[in-house]
Amino acid sequence: MSESTLEAGKPMVIVAIPCYNEEVAIGSVVLKSLQHADRVVVIDDGSRDRTAEVARMAGAEVLVHEKNQGKGAGIRHAFEYAAKVGADILVLIDGDGQHNPDEIPRLIEPIINGEADMVNGSRFLVKGGHNVPKYRRVGQEVLTIATTAGGSSGITDSQNGFRAFHKNTFGAFTFQSKGMAIESEMLMDAARANLRIKEVQIDVRYDVAGSTYNPVAHGMSVLASIIKLISQKRPLLFFCLPGAIAMVIGMGLLFLVLTIFNDTHSFAIGYTMVGMLGIIIGTFAVFTGLTLSSIQSVKTSN
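Per full-length UniProt numbering, residue 1 is the first one in the sequence shown, and the count goes up by one each step.
Don't take every hint at face value.
Said to hold, decoys possible - Label-pair distances were calculated between CB atoms; the ranges are:
1) 269 <-> 206: 55 to 63 Å
2) 249 <-> 291: 18 to 26 Å
3) 284 <-> 154: 32 to 40 Å
Stated by the list, open to error - Calculated cross-link-like contacts (lysine-lysine; reagent style BS3-like; alpha-carbon spacing at most 30 Å):
4) 228 <-> 198
5) 10 <-> 167
6) 84 <-> 10
7) 167 <-> 178
8) 178 <-> 228
9) 167 <-> 233
10) 67 <-> 178
11) 10 <-> 198
12) 198 <-> 167
13) 167 <-> 84
14) 198 <-> 178
15) 198 <-> 84
16) 233 <-> 178
17) 178 <-> 84
18) 233 <-> 67
19) 67 <-> 228
20) 67 <-> 84
21) 233 <-> 198
Simulated from the structure, these hints should not be mistaken for lab results.
By construction, the Cβ of each residue, glycine as well, lies at the ideal position given by its N, Cα and C atoms.
Please work from the sequences and hints to get the whole structure.
Have a look at this one:
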């Protein structure tokens, strides 16, 4: 840990690195992270390579999942570990080498100073981002908009995995998502818990060994997961709003049918069927949203 961090109250800082098949980069990420933390823990999510072995050699404690469970499970395990050892601050960083561990002091500073409960690293605070490919920027914008619809606001980089958390936030997250939508889910949970979130500018490298995911397919998969999360966490928005719109359109079409009949004495069967369908679907959607919202309220109160 840096001298300035020690002088700021000597918080216990844990750096957690959820990863899968990152034997090439994990060693250097661990070594650099150890310069700014009391402990570094690697959550090896069922890797088929030497990730766990390399991480241990570099000085990390390693928690191993026998089977791949997804990034969400890895992050949940990281929070459980941090709470168990009594960490004051938990830092999450990816194990592929894209993030710079030397930026950890910048990330945790707002927490140490009492300015934030959660700090989100952002590639986009500076206009244009730092060498972010355009196709990535467009995809990130779409996912951030979807995340905002789920309840998070004011965040410029919803998919970044470089984050820091005060110990008082550890119980705020539900970890429903097992996959890559976990970043968006955590922002939704943080907003619901009224956590103070601050963003700091970070740099990201894109010249390291990349993911084998097709970026378009991966982005669509994350978007689908975010939409599913919105339906679970904000059922009134997801079901009731579209349902109400469908009902209004349906009633408007039926009013048009009556107007046409009054003027021409002919019955517009097509408009009638579409209008009735809109009312039926809209009513069902509103009922579903209200029911799910009630269930959610009961779960929250319990």
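Status of each hint after checking the structure:
For the hinted restraint 55 to 63 Å between residue 269 and residue 206, the CB-CB distance of approximately 57 Å keeps it satisfied. Checking the proposed 18 to 26 Å range against residue 249 and residue 291 shows it holds: the Cβ atoms sit about 23 Å from each other. Roughly 34 Å separates the CB atoms of residue 284 and residue 154, a value that falls within the hinted 32 to 40 Å. About 26 Å separates the Cα atoms of residue 228 and residue 198, which keeps this hinted pair within 30 Å; it holds.
In summary, the hint linking residue 10 to residue 167 is supported, as the alpha carbons are separated by about 14 Å, within the 30 Å threshold. Distance restraint check for residue 84 and residue 10: the Cα-Cα separation of roughly 18 Å lies within the 30 Å cut-off, and the hinted pair is therefore satisfied. The straight-line distance between the Cα atoms of residue 167 and residue 178 is roughly 22 Å, inside the 30 Å bound, and the hint therefore holds. This hinted pair checks out: residue 178 and residue 228 have alpha carbons roughly 12 Å apart, not beyond 30 Å.
The hinted pair formed by residue 167 and residue 233 meets the criterion: a straight-line CA distance of about 24 Å does not exceed 30 Å. Taking the CA atoms of residue 67 and residue 178, the gap is about 13 Å. The hint holds against a cut of 30 Å. At most 30 Å may separate the alpha-carbon atoms for a hinted pair to count; residue 10 and residue 198 meet this at roughly 21 Å. Between residue 198 and residue 167 the alpha-carbon distance is near 16 Å, which keeps this suggested pair within the 30 Å criterion.
In summary, the hint linking residue 167 to residue 84 is supported, as the alpha carbons are separated by about 11 Å, within the 30 Å threshold. Of the pairs offered as hints, the one joining residue 198 and residue 178 holds, with about 25 Å between alpha carbons and a cut-off of 30 Å not exceeded. For the hint pairing residue 198 with residue 84, the CA-to-CA distance comes to about 26 Å; that is within 30 Å, so the pair holds. This hinted pair checks out: residue 233 and residue 178 have alpha carbons roughly 15 Å apart, not beyond 30 Å.
For the given pair, residue 178 sits about 21 Å from residue 84 by alpha-carbon distance, which is consistent with the 30 Å threshold. Proximity of residue 233 to residue 67 is assessed by CA-CA distance (about 28 Å); at most 30 Å being required, the pair is judged to hold. Between residue 67 and residue 228, the direct Cα distance comes to roughly 24 Å. Compliance with the 30 Å bound is thereby established for this hinted pair. The hinted pair formed by residue 67 and residue 84 meets the criterion: a straight-line CA distance of about 23 Å does not exceed 30 Å.
For the hint pairing residue 233 with residue 198, the CA-to-CA distance comes to about 23 Å; that is within 30 Å, so the pair holds.
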